[in-house]
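Given the coordinates of chain A, assemble chain B onto it according to the supplied hints.
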Amino acid sequence: DTGVSQDPRHKITKRGQNVTFRCDPISEHNRLYWYRQTLGQGPEFLTYFQNEAQLEKSRLLSDRFSAERPKGSFSTLEIQRTEQGDSAMYLCASSPDRTGSSEKLFFGSGTQLSVL
Amino acid sequence: AQSVTQLGSHVSVSEGALVLLRCNYSSSVPPYLFWYVQYPNQGLQLLLKYTSAATLVKGINGFEAEFKKSETSFHLTKPSAHMSDAAEYFCAVTNWRSGGYQKVTFGTGTKLQVIP
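So the sequences go chain by chain: A and B. According to the working numbering, the first sequence is numbered sequentially starting from 4. According to the working numbering, the second sequence is numbered sequentially starting from 24.
No lab work stands behind these hints, which were simulated from the structure alone. Do not take every clue at face value.
Every beta carbon over 12 Å from chain A, so not counted as near; a handful from chain B, in silico [unchecked claim]:
{"no.": "1", "residue": "SER96"}
{"no.": "2", "residue": "PRO102"}
{"no.": "3", "residue": "SER107"}
Residues of chain A placed beyond 10 Å of chain B at every Cβ, according to the derived structure [said to hold, decoys possible]:
{"no.": "4", "residue": "ASP10"}
{"no.": "5", "residue": "PRO11"}
{"no.": "6", "residue": "LEU94"}
{"no.": "7", "residue": "GLU106"}
{"no.": "8", "residue": "VAL118"}
{"no.": "9", "residue": "LEU119"}
The list that follows gives simulated cross-link-like pairs (lysine-lysine, DSS-like), each with its CA atoms no further than 30 Å apart [claimed, not checked]:
{"no.": "10", "chain 1": "B", "residue 1": "LYS126", "chain 2": "A", "residue 2": "LYS14"}
{"no.": "11", "chain 1": "A", "residue 1": "LYS60", "chain 2": "A", "residue 2": "LYS14"}
{"no.": "12", "chain 1": "B", "residue 1": "LYS72", "chain 2": "B", "residue 2": "LYS126"}
{"no.": "13", "chain 1": "B", "residue 1": "LYS81", "chain 2": "B", "residue 2": "LYS126"}
{"no.": "14", "chain 1": "A", "residue 1": "LYS107", "chain 2": "A", "residue 2": "LYS60"}
{"no.": "15", "chain 1": "B", "residue 1": "LYS134", "chain 2": "A", "residue 2": "LYS14"}
{"no.": "16", "chain 1": "B", "residue 1": "LYS134", "chain 2": "B", "residue 2": "LYS72"}
{"no.": "17", "chain 1": "A", "residue 1": "LYS74", "chain 2": "A", "residue 2": "LYS14"}
{"no.": "18", "chain 1": "B", "residue 1": "LYS126", "chain 2": "A", "residue 2": "LYS74"}
{"no.": "19", "chain 1": "B", "residue 1": "LYS126", "chain 2": "A", "residue 2": "LYS60"}
{"no.": "20", "chain 1": "A", "residue 1": "LYS107", "chain 2": "B", "residue 2": "LYS134"}
{"no.": "21", "chain 1": "A", "residue 1": "LYS107", "chain 2": "A", "residue 2": "LYS74"}
{"no.": "22", "chain 1": "A", "residue 1": "LYS17", "chain 2": "B", "residue 2": "LYS72"}
{"no.": "23", "chain 1": "B", "residue 1": "LYS92", "chain 2": "A", "residue 2": "LYS14"}
{"no.": "24", "chain 1": "A", "residue 1": "LYS74", "chain 2": "B", "residue 2": "LYS91"}
{"no.": "25", "chain 1": "B", "residue 1": "LYS72", "chain 2": "B", "residue 2": "LYS92"}
{"no.": "26", "chain 1": "A", "residue 1": "LYS60", "chain 2": "A", "residue 2": "LYS74"}
{"no.": "27", "chain 1": "B", "residue 1": "LYS134", "chain 2": "B", "residue 2": "LYS91"}
{"no.": "28", "chain 1": "A", "residue 1": "LYS60", "chain 2": "B", "residue 2": "LYS72"}
{"no.": "29", "chain 1": "B", "residue 1": "LYS81", "chain 2": "A", "residue 2": "LYS14"}
{"no.": "30", "chain 1": "B", "residue 1": "LYS72", "chain 2": "A", "residue 2": "LYS107"}
These numbers were taken from a predicted model, which means no experiment stands behind them. All C-beta atoms, glycine included, are put in the ideal place defined by N, C-alpha and C.
Pulled out of the complex, with its shape left as it was, chain A reads as follows (with noise of 0.2 Å):
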């Protein structure tokens, strides 16, 4: 269990750039979940998946905003046409698909993006 890894753990771009990040889950954990958590505020839902199915997403994730997870492991959560408010820090989390234990979500360190 190496926990949840993210990449690049910072992100600096222009605005109108288009970023991507990653998400590598605890193998093993079908349950993925993108956060957003901006200065001062706690992490906000942004979408979930069930293995490769993307289950919800949040209003907040506008048609710039694109989530995949291919073959139900890693994920990436893709951000075109950047602006200065999506600067914030994006969090991915996991879980187990086990009665008990799926209500415990396993965090990674985050990217923090700054768009300039």
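Coordinates of chain B only, in the frame set by chain A:
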């Protein structure tokens, strides 16, 4: 919709003093409640969870929380603060979705400062 409110964005205590971080919840159904801790430059880590069993829940690092339905509260306490407890603490509530997964809603967080 379920939500949590954390009272006090910053709390300072002396080393060895009682830690009390306040959280009130709003939920139309019996809630699952959590406390997560976030150390600088790290992801969130589960401290403890309430899932409708015992109302007094013990977590890691000497923390505990008591679920009080009459007060809609789930305050976090620790009898004696340690320097290593300095971190940001998030109260959270789960909204179980029809697909069997959870959507966790976090509070805005409380930064705990421990004064030597």
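Consistency of the hints with the structure:
1. Every beta carbon of chain A lies more than 12 Å from that of SER96 of chain B, the smallest distance being close to 18 Å; the non-interface claim holds.
2. At roughly 25 Å, the least C-beta separation between PRO102 of chain B and chain A is larger than 12 Å, which holds for a residue marked as non-interface.
3. Look at SER107 of chain B: its CB is around 18 Å from the nearest CB on chain A, clear of 12 Å, so calling it non-interface holds up.
4. No beta-carbon of chain B is positioned within 10 Å of the beta-carbon of ASP10 of chain A; the least distance is around 13 Å.
5. Here PRO11 of chain A stays apart from chain B, with its beta-carbon at least about 13 Å from theirs, past the 10 Å limit.
6. Against chain B, the non-interface label of LEU94 of chain A is violated: not every CB pair exceeds 10 Å, the least being about 6 Å.
7. Its closest Cβ contact with chain B, about 6 Å, brings GLU106 of chain A to no more than 10 Å, contrary to its assignment away from the interface.
8. In this structure VAL118 of chain A is separated from chain B by more than 10 Å, as the shortest Cβ-Cβ distance comes to about 20 Å.
9. No Cβ of chain B comes within 10 Å of the Cβ of LEU119 of chain A; the nearest lies about 21 Å off, and the non-interface call holds.
10. Straight-line distance between C-alpha atoms of LYS126 of chain B and LYS14 of chain A comes to about 27 Å, which keeps the hinted pair within the 30 Å bound.
11. The hinted pair formed by LYS60 of chain A and LYS14 of chain A meets the criterion: a straight-line CA distance of about 23 Å does not exceed 30 Å.
12. Restraint check for LYS72 of chain B and LYS126 of chain B: satisfied, since their Cα atoms lie roughly 15 Å apart, inside the 30 Å limit.
13. Taking the CA atoms of LYS81 of chain B and LYS126 of chain B, the gap is about 23 Å. The hint holds against a cut of 30 Å.
14. About 20 Å separates the Cα atoms of LYS107 of chain A and LYS60 of chain A, which keeps this hinted pair within 30 Å; it holds.
15. For a cut-off of 30 Å, the pair hint linking LYS134 of chain B to LYS14 of chain A stands: about 25 Å separates their Cα positions.
16. Taking the CA atoms of LYS134 of chain B and LYS72 of chain B, the gap is about 19 Å. The hint holds against a cut of 30 Å.
17. For the hint linking LYS74 of chain A to LYS14 of chain A, the alpha-carbon distance of about 25 Å falls within 30 Å, and the restraint holds.
18. In summary, the hint linking LYS126 of chain B to LYS74 of chain A is supported, as the alpha carbons are separated by about 22 Å, within the 30 Å threshold.
19. Only pairs whose Cα atoms come within 30 Å are accepted, and LYS126 of chain B paired with LYS60 of chain A is accepted, the gap being roughly 11 Å.
20. For the given pair, LYS107 of chain A sits about 22 Å from LYS134 of chain B by alpha-carbon distance, which is consistent with the 30 Å threshold.
21. Between LYS107 of chain A and LYS74 of chain A, the direct Cα distance comes to roughly 23 Å. Compliance with the 30 Å bound is thereby established for this hinted pair.
22. Among the hinted pairs, LYS17 of chain A with LYS72 of chain B is inconsistent with the structure: their alpha-carbon atoms are about 40 Å apart, more than 30 Å.
23. Among the hinted pairs, LYS92 of chain B with LYS14 of chain A is inconsistent with the structure: their alpha-carbon atoms are about 43 Å apart, more than 30 Å.
24. For the hint pairing LYS74 of chain A with LYS91 of chain B, the CA-to-CA distance comes to about 43 Å; that exceeds 30 Å, so the pair is violated.
25. In summary, the hint linking LYS72 of chain B to LYS92 of chain B is supported, as the alpha carbons are separated by about 15 Å, within the 30 Å threshold.
26. Between LYS60 of chain A and LYS74 of chain A the alpha-carbon distance is near 19 Å, which keeps this suggested pair within the 30 Å criterion.
27. For the hint pairing LYS134 of chain B with LYS91 of chain B, the CA-to-CA distance comes to about 23 Å; that is within 30 Å, so the pair holds.
28. For the hint linking LYS60 of chain A to LYS72 of chain B, the alpha-carbon distance of about 25 Å falls within 30 Å, and the restraint holds.
29. Simply put, LYS81 of chain B and LYS14 of chain A have alpha-carbon atoms about 38 Å apart, too far for the 30 Å limit, and the pair is violated.
30. The suggested pairing of LYS72 of chain B with LYS107 of chain A holds, with an alpha-carbon distance near 8 Å, which does not exceed 30 Å.
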